[in-house]
Structures are given as structure tokens and as C-alpha cells.
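Top line first, the protein sequences correspond to chains A and B.
According to this note's numbering, the first sequence is numbered sequentially starting from 1.
According to this note's numbering, the second sequence is numbered sequentially starting from 1.
Among the hints, a few may not be true.
Said to hold, decoys possible - Below 35 Å or equal to it, Euclidean Cα-Cα: the simulated DSBU-like pairs (lysine-lysine) are:
#, chain 1, residue 1, chain 2, residue 2
1, A, K64, A, K104
2, B, K371, A, K26
3, A, K66, A, K104
4, A, K23, B, K424
5, A, K7, A, K29
6, A, K23, A, K7
7, B, K371, A, K264
8, A, K213, A, K264
9, A, K213, A, K64
10, A, K66, A, K231
11, A, K231, A, K64
12, A, K240, A, K75
13, B, K371, A, K7
14, A, K231, B, K371
15, A, K7, A, K64
Stated by the list, open to error - One-sided and incomplete, this derived list gives chain A residues near chain B with beta-carbon spacing under 10 Å:
#, residue
16, K7
17, V8
18, N11
19, R17
20, R70
21, E71
22, L73
23, K75
24, A190
25, N191
26, I224
27, V225
28, R228
What the hints assert, rightly or not - Distance ranges between label pairs, derived from CB positions:
#, chain 1, residue 1, chain 2, residue 2, range
29, B, P368, A, R254, 17 to 27 Å
30, B, L224, A, G83, 52 to 62 Å
31, A, A170, B, G515, 55 to 65 Å
32, A, V308, B, G515, 40 to 50 Å
33, B, L224, A, Y294, 46 to 56 Å
34, A, V241, B, P368, 30 to 40 Å
35, B, Q365, A, Q236, 56 to 66 Å
36, B, G515, A, R166, 47 to 57 Å
37, A, W4, B, A295, 38 to 48 Å
38, B, L224, A, G187, 43 to 53 Å
39, B, P231, A, G187, 36 to 46 Å
40, B, Q365, A, A76, 49 to 59 Å
It is worth saying that the hints were derived from the structure and are not from the lab.
Glycine included, each C-beta is placed from N, C-alpha and C at the ideal position.
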Amino acid sequence: ELGWISKVYVNRPAVVRHAEQIKNWKTVKGNWQAAWLLKAVTCIDLTTLSGDDTPSNVQRLCFKAKHPIREDLLKALDMHDKGITVGAVCVYPARVSDAVNTLKAAGCNIPVASVAAGFPAGQTPLETKLTEIRLAVEYGAREIDIVISRSLVLTGQWEGLYEEIRLCRAACGEAHMKTILATGELGSLANVYKASMIAMMAGSDFIKTSTGKEVENATFPVGIVMMRAIKEYYWQTGYKVVGFKPAGGIRTAREAITWLMLVKEELGVEWLTPELFRLGASSLLGDIEQQIFYHVTGTYALQHELAVA
Amino acid sequence: PTGNTALVLCSPATAPPLLLLGELSGEGEALPPGVLNVLAGPLGLCQALRAHPEVTSVTFLGAPQEELQALVWGSPCRGPRLGRPRGGRVVVIVLDSADLDSAAAAITATPATPPALGLLGVPRGQFGDAPAGTLGSVLVGTPIFPTQVFQAPLPALPGRGDRFYPPTLISGAALTLRCLQEPALGPLLVLLPVRGPGEAVAVASALPQSAAAAVWAQDITVALDTADRLPQGLVWLNALDLLDPSGGCAGGATDTDLDEALREFGCPPWEQPPKVDEPLSPLVTVDDPGDPELAQAVAAARGAAPGWGRLPGASRARVLRGAAAALGAGHGTPKDGDNGDTDGSLQRALLRWAAHVERVGGAVQEVPGGKALLTRRPLGVLGVAWSWPRPLALQLLPPALALGNCVVVVSPPGGVGPAQRLRKALVAAGLPGGALTVLPGNSRGSGSHLARQHPDGLWLCGGDADCDWACAVSVPRVWGVPAGLLRAPGQDAPPGAERELELRCTRPHCLWLPGGGP
Numbered sequence: 001e002l003g004w005i006s007k008v009y010v011n012r013p014a015v016v017r018h019a020e021q022i023k024n025w026k027t028v029k030g031n032w033q034a035a036w037l038l039k040a041v042t043c044i045d046l047t048t049l050s051g052d053d054t055p056s057n058v059q060r061l062c063f064k065a066k067h068p069i070r071e072d073l074l075k076a077l078d079m080h081d082k083g084i085t086v087g088a089v090c091v092y093p094a095r096v097s098d099a100v101n102t103l104k105a106a107g108c109n110i111p112v113a114s115v116a117a118g119f120p121a122g123q124t125p126l127e128t129k130l131t132e133i134r135l136a137v138e139y140g141a142r143e144i145d146i147v148i149s150r151s152l153v154l155t156g157q158w159e160g161l162y163e164e165i166r167l168c169r170a171a172c173g174e175a176h177m178k179t180i181l182a183t184g185e186l187g188s189l190a191n192v193y194k195a196s197m198i199a200m201m202a203g204s205d206f207i208k209t210s211t212g213k214e215v216e217n218a219t220f221p222v223g224i225v226m227m228r229a230i231k232e233y234y235w236q237t238g239y240k241v242v243g244f245k246p247a248g249g250i251r252t253a254r255e256a257i258t259w260l261m262l263v264k265e266e267l268g269v270e271w272l273t274p275e276l277f278r279l280g281a282s283s284l285l286g287d288i289e290q291q292i293f294y295h296v297t298g299t300y301a302l303q304h305e306l307a308v309a
Numbered sequence: 001p002t003g004n005t006a007l008v009l010c011s012p013a014t015a016p017p018l019l020l021l022g023e024l025s026g027e028g029e030a031l032p033p034g035v036l037n038v039l040a041g042p043l044g045l046c047q048a049l050r051a052h053p054e055v056t057s058v059t060f061l062g063a064p065q066e067e068l069q070a071l072v073w074g075s076p077c078r079g080p081r082l083g084r085p086r087g088g089r090v091v092v093i094v095l096d097s098a099d100l101d102s103a104a105a106a107i108t109a110t111p112a113t114p115p116a117l118g119l120l121g122v123p124r125g126q127f128g129d130a131p132a133g134t135l136g137s138v139l140v141g142t143p144i145f146p147t148q149v150f151q152a153p154l155p156a157l158p159g160r161g162d163r164f165y166p167p168t169l170i171s172g173a174a175l176t177l178r179c180l181q182e183p184a185l186g187p188l189l190v191l192l193p194v195r196g197p198g199e200a201v202a203v204a205s206a207l208p209q210s211a212a213a214a215v216w217a218q219d220i221t222v223a224l225d226t227a228d229r230l231p232q233g234l235v236w237l238n239a240l241d242l243l244d245p246s247g248g249c250a251g252g253a254t255d256t257d258l259d260e261a262l263r264e265f266g267c268p269p270w271e272q273p274p275k276v277d278e279p280l281s282p283l284v285t286v287d288d289p290g291d292p293e294l295a296q297a298v299a300a301a302r303g304a305a306p307g308w309g310r311l312p313g314a315s316r317a318r319v320l321r322g323a324a325a326a327l328g329a330g331h332g333t334p335k336d337g338d339n340g341d342t343d344g345s346l347q348r349a350l351l352r353w354a355a356h357v358e359r360v361g362g363a364v365q366e367v368p369g370g371k372a373l374l375t376r377r378p379l380g381v382l383g384v385a386w387s388w389p390r391p392l393a394l395q396l397l398p399p400a401l402a403l404g405n406c407v408v409v410v411s412p413p414g415g416v417g418p419a420q421r422l423r424k425a426l427v428a429a430g431l432p433g434g435a436l437t438v439l440p441g442n443s444r445g446s447g448s449h450l451a452r453q454h455p456d457g458l459w460l461c462g463g464d465a466d467c468d469w470a471c472a473v474s475v476p477r478v479w480g481v482p483a484g485l486l487r488a489p490g491q492d493a494p495p496g497a498e499r500e501l502e503l504r505c506t507r508p509h510c511l512w513l514p515g516g517g518p
């Protein structure tokens, strides 16, 4: 029931001001920084979503996913036996089987996430969206990142949006569903809040800020609004926790740590696990590895010293 | 910065920081020696301080009422009156179309001065949850009872015990609670439920010591309307603790009254600083206006004040112009020692102030993050106690009336005649009844009598009219009008006099509208 929709108010300048403050927070240093970086690594969804993906580069990605940080660096931090891997590997549906096979051959249990439902624009008919989801699940993806139809949000068809997400949820079956809200295209922060609530009510396990292909991807004001929606949903239902995934535009280790700090402030420590928080990123891992290299050795690595994803 | 030297008297218990300040100010040649002196001693010494011939003005800072009473109650009230308890309390009104999360985030993010109040529109009763660790969100259960207190646990400080006050939230409070009457010890947030914007304004006006207010509502009409009706000098809209462009300190709720009071430490260029205890002139034997008459006059003025004050400047200007025309016309025979307006200076003054009030508006300051609208509002009821031997200088009245105040004047009978003529002219031109009342009265202590009726502002002209501390404590703005401000009829007013009069007739009001990029 959707009576609450008309009572959603989000004050944009106040949220933006709050987000500006975040940039002034002092960041962690030293050993604690290394620890937070490793935590961030375990929450990364290592992603490759380009037109020129082929089995070979997907394979390389999967190996990097299994060993995100160089062994000797981990040994120096005494974390080599803690099973540090990334949270998931994210690819297009056509590459899901390559990824699944590679990971099986490598003997590790990292889930493969597939984007679906007309990624990235979402402007395809509902039947093809559902078929795509079902096929991705068949190929072995354990997580599905679906894209909502922004036109439904922009025209205010909230029941239609709810129905669409519910059907996608049914098509996912056992797989874990992340709903990409594409916040850069939703127009206003109030729309972001409403879309988040609808997505959670329709059964998403995660809400994700963006596809990574928009002009404006994951920014702090949008993240704050979505996290407030998650909080509100949790209070209203009393038990259902939904995860949060900022994606797109996170390239430096410093930003990753700021996101972790923001999640801890807004949602609490319980959300700082791969089950409830993911970072959608591709080049971020390289930067994190650089920072850990610096922490361990005191200098920055040359390009050839760290494995490319 | 105004060039005064200061002697600070404090009790031995509170001395150390002040003594340190005194010492530091002498070091490094920050201030020449002797500019800031700190004396630690019993407060009875302040009698001696007042009696000292070289002391020009005595101010009390932060003195509780009982002490003030014991020391100075009967003596004349001189010098800037900073002794009124000043609280940095901020009133936050959250209406039902507000962005609750942003309001909660802003309240918890304010540093230093605690926002000690939050008023809620009851329809949106659920404010959130109160986990033990953070004050990040707030739970409102049933509106009135029981009163619940949530305190965040403080991290234990090694070996120092409890020196800090934990952030505390009190919900379901009633207005009679002590936590609202007295200054807060530390971060304290009190929640009061209200039923609507009107009630919120009423409750906010009734709270003591509130320096600023914040209104959170997304419905723009409701927000602007509520913000307009609040009496606080600084109002933020959907924001909290933003910089006050009229010169307040960043990051803390400012008290615009303080700015105004500090101006009194300086002296206008046409005036010598007054001495503290001038010898009083002999008593003039005329009957007092009895308290009932004064009360009636003040009540009438108070009734007329909202209407007159809220008229657009052009309407008030029209009344003044009409009065000027009437005065010029009826230039008849002077009667009963009436000086009359022989040179038309009163007429000119009326016309000048009419033109001024038509032009004057507020100022808009744009800063990154929004705009601030700075306006000056009329005080309300202004009492003028006149006791100089000269006849009543009517030049005082046009500014006060033009800027929207209602004036009650008490003056010796010699000056009443021309004032009554002016009044007749004004009423004929459209001034509401009660907006100007002139009463003949005993000059000695007339200030006290007026002050007892609780006007919103009090102008004391002449030493005899002074009121004592006991009465002055209830009046927000007391001004000793300097004799040099009003020259003899025919002379021009000194430069700066107009601005001074304007500032004394009005109080500042700043409305912050955030918007635009940071």
C-alpha cells in the first residue's frame, strides 16, 4: 500500500550539506587503514562490463578475484590465511558460464553476479528482461543485478514499478537480487528515496546506486538518502535487512574508506560485511593494492609489480 | 576595539581563567598594560566600584538574579545591561512536511551550543529509533507521558571520572520542567510535541533565552509563514547553525541582541561618556501619572502595535505626510506657553522620516549555500520618559512612529501641549488610536513607572528619568538617549543621529534561506 509515497520529503540542500561535511572527516591511518582496506577488498564486486569482454579477460578477472592482493603482501600483514577474496565477480550474462567454469577450476567459492533486465538502459520489454534473468540463473549466476525502468519512476507509476521488480524477483528464484536504481537518471532525491522503498518492498536483497554507465554515478548525497531508506525499511518491518551497493565512480582507496565510514555512521557496524555491503568497482582494486603495498614496503609499486585484473 | 579600558571584578572561585586572560593580554604587547584589569574579590566590592568617580559604566555579566537583587536593586540602571541571562538556546520547529532525517542529522551535527529544543508536529510521530550509542535519531513514543530520558553512554576517560555531560534526549517533556527554564549543562535535546505551526510559534515565543530558531518544513508557504511569525532574531529555514551574515560567530547560535548591546560600549561622537552617579536635580512637584493610567496607555499601545507595525511602509508614510500637512496648515496662535512649530522643523522631520520609511527595506546577502534576508522589525511598544528641563523634543517621535512602533510618552507638563497637537494631526491623518499617547508626569522615576508596565523598549531622556535595575530587568531594550542627539530647534541633527535613532527603534531579524550550491 502506497499511501506514504506522497509524504516523502527530502531536502536537497540539507543532504548536500551533510555530504560536504563528510569530506572533512579524518581518515584512518597506518595499521587501521590497512585493515579497513582489506575489509573493503572483501566487499568489492569485481566488475567487467565492456563490449569487448571475451573468455580470456574474464578468466584473468576471476584469477584476480581469487587472489586480489599479492601473497607476500598478505603474508607481511599476517592475513594470508584468512581467505581474503573479493565479494563477487560481476559480468554480462553471455560471459557468466566462462566465469563460473574458471572459478570452479580454480577451486574457489566466489559467487558470480550477472547484470540482467536490459542492462544498462532497461528499455527492453518485460518478457525479454525476465528471460534474461532466468537464463543467467541457469548459467550459474548466484546473484543478479537487475535494472529498473526509470520511465516508471519519472512518470510516477509506483505500482507498475513494484510489479516489475516483483516479477524479476520471482524469476531470480534462489539467486540473490540486487536492484539497480540508476539514481543519476531519477531526477530528484525524493524519487531516489521512493524508488528505494519500492524496491525493498518488492523483495530486493540489495539496492544499488547506479549502473556505472551514467553521467552521475555513486555520490554521497544519493548514498545518504538510500541508506536512510534502508534504515526506515528496517524499522518498519522489524527484521528485514537490505544491503547497499554504491557502484560507479569509486576509483581510489580513500573513497572506498569514506564509503565504509559513511555506512558505519548511517547504518551501523552490522552492515559492514559482504552480505550487506558491496562496492561495485573495477580499477579500485588496483588502487587498494597500491596502498597496501605502500603500507607494507614504504614505496609505491611500479606498474609491472602488481598483477593486472 | 572601541577603545575602552576594562576592570573586571570576579569572585575568587571563578578567578583563575580571568586572571590568566588578564596576564595573557599583557604579554607580547597584545594590549597596552592597564587596558584589561582583573580583580578577584567579594562581590560587595562592586558598590565601591560604582562609587568610584572615574568609572563610567558598570555592566553585569552572567549574574544570577538573586545576586543582582542584593547588590544593585535600588540603584539606577546605567551602562549596557548584559546581565540578563543569555542562553544560546536554539529552537527547532519540525513540521509535518519536513525531511526528518536531514533535521535529525543537522541537530546532531551542531557543535558546541546544544540545540536544546525540538518541537514536533504530532502527525509525524515516529521520529526514529534511539540506539544507545548515538543521538543520531530520536524516538517519540506517546506525546506527553511518560517523560523519557535517553542518555548516550560516554566513553570512560582514564582516571578522570565523569567530567563531561553525556548527550541527553528528553522526550515527552512539559514546558514547566526546569531543564527548559535554566541554561543547559551540556548537549541536551528536549522534545515538545505541538499540534501545528500556530502552536509551534506560540510555544517558541514563550521559551526563555532563545537566541535563534530553525524551521524545518518542505511546504514552502507554511515554512515561510512560520518563520515570519517567530520572535527570534535569527531564523534558519531547513538548516541549522549557518553563518550569521550580520557578523555573528560561525558555528554557534548567535545572539543578535548581544551585538546590539555591545554597541553601547562605544559612545557616539557628539556625546561625552556619562558618569555613573550624577547628582540628581531637585524634584518637580507634579502628580505622577498613576499606574492605572500608564497601564491603560501601555495596553492601548500594545493593542495598536501589531496593526500599526505590520502596515507596509508606504501606509505609514502616508499618515506621516498627512500629519505634516495638517501641522503646516494649522499654524495658528500659540497658546498656553506652547512654543508651536514655528520653524517647521517638526514638519520637515515628519516628511523626512516618511520618505525614509518608504524607501527602507531590508538587505539581502548572498553567501554560498543560500541567502539571508536581513530586516529590521519594530520593537512594539516604546516608552519614552522625558526629564530634561527642555520641553519635549518632538523630533524623537517621527522615527519611532514611522518605523512601526507605538509610543507612550511621559513628560513634564510643559512639553505636553505641542505633543498633543502633533497627536491630533496624526490621528486625523489616520494613526490608529493608542499608537501615540502623551502623559504629563513627574519626571523623577518616570522611567521606573514606565518600565513596570513592561514595554518592549524604553528610552530614557535625562538622568532623572532613569529607572533602576529592578524594573529594567524586564524590558528588553533600554536606551539612555544622549543629550547631544537632539539639538535645539532649528539646528540640524548631528551626523549619524538618524541611523542611531533608526537602530534604536527596531530590532534585527535575519531569515536564512538555504539553496543553491554550497
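Structure-based check of all given hints:
{"no.": "1", "hint": "A:K64 x A:K104", "in the structure": "holds (14 Å)"}
{"no.": "2", "hint": "B:K371 x A:K26", "in the structure": "holds (30 Å)"}
{"no.": "3", "hint": "A:K66 x A:K104", "in the structure": "holds (11 Å)"}
{"no.": "4", "hint": "A:K23 x B:K424", "in the structure": "violated (65 Å)"}
{"no.": "5", "hint": "A:K7 x A:K29", "in the structure": "violated (42 Å)"}
{"no.": "6", "hint": "A:K23 x A:K7", "in the structure": "holds (30 Å)"}
{"no.": "7", "hint": "B:K371 x A:K264", "in the structure": "holds (33 Å)"}
{"no.": "8", "hint": "A:K213 x A:K264", "in the structure": "holds (27 Å)"}
{"no.": "9", "hint": "A:K213 x A:K64", "in the structure": "holds (23 Å)"}
{"no.": "10", "hint": "A:K66 x A:K231", "in the structure": "holds (33 Å)"}
{"no.": "11", "hint": "A:K231 x A:K64", "in the structure": "holds (34 Å)"}
{"no.": "12", "hint": "A:K240 x A:K75", "in the structure": "violated (38 Å)"}
{"no.": "13", "hint": "B:K371 x A:K7", "in the structure": "holds (27 Å)"}
{"no.": "14", "hint": "A:K231 x B:K371", "in the structure": "holds (33 Å)"}
{"no.": "15", "hint": "A:K7 x A:K64", "in the structure": "violated (46 Å)"}
{"no.": "16", "hint": "K7", "in the structure": "holds (8 Å)"}
{"no.": "17", "hint": "V8", "in the structure": "holds (9 Å)"}
{"no.": "18", "hint": "N11", "in the structure": "holds (4 Å)"}
{"no.": "19", "hint": "R17", "in the structure": "holds (6 Å)"}
{"no.": "20", "hint": "R70", "in the structure": "violated (37 Å)"}
{"no.": "21", "hint": "E71", "in the structure": "violated (38 Å)"}
{"no.": "22", "hint": "L73", "in the structure": "violated (34 Å)"}
{"no.": "23", "hint": "K75", "in the structure": "violated (35 Å)"}
{"no.": "24", "hint": "A190", "in the structure": "holds (9 Å)"}
{"no.": "25", "hint": "N191", "in the structure": "violated (14 Å)"}
{"no.": "26", "hint": "I224", "in the structure": "holds (8 Å)"}
{"no.": "27", "hint": "V225", "in the structure": "holds (8 Å)"}
{"no.": "28", "hint": "R228", "in the structure": "holds (5 Å)"}
{"no.": "29", "hint": "B:P368 x A:R254: 17 to 27 Å", "in the structure": "holds (25 Å)"}
{"no.": "30", "hint": "B:L224 x A:G83: 52 to 62 Å", "in the structure": "holds (58 Å)"}
{"no.": "31", "hint": "A:A170 x B:G515: 55 to 65 Å", "in the structure": "violated (44 Å)"}
{"no.": "32", "hint": "A:V308 x B:G515: 40 to 50 Å", "in the structure": "holds (46 Å)"}
{"no.": "33", "hint": "B:L224 x A:Y294: 46 to 56 Å", "in the structure": "holds (53 Å)"}
{"no.": "34", "hint": "A:V241 x B:P368: 30 to 40 Å", "in the structure": "holds (38 Å)"}
{"no.": "35", "hint": "B:Q365 x A:Q236: 56 to 66 Å", "in the structure": "violated (42 Å)"}
{"no.": "36", "hint": "B:G515 x A:R166: 47 to 57 Å", "in the structure": "violated (38 Å)"}
{"no.": "37", "hint": "A:W4 x B:A295: 38 to 48 Å", "in the structure": "violated (54 Å)"}
{"no.": "38", "hint": "B:L224 x A:G187: 43 to 53 Å", "in the structure": "violated (25 Å)"}
{"no.": "39", "hint": "B:P231 x A:G187: 36 to 46 Å", "in the structure": "holds (39 Å)"}
{"no.": "40", "hint": "B:Q365 x A:A76: 49 to 59 Å", "in the structure": "holds (56 Å)"}
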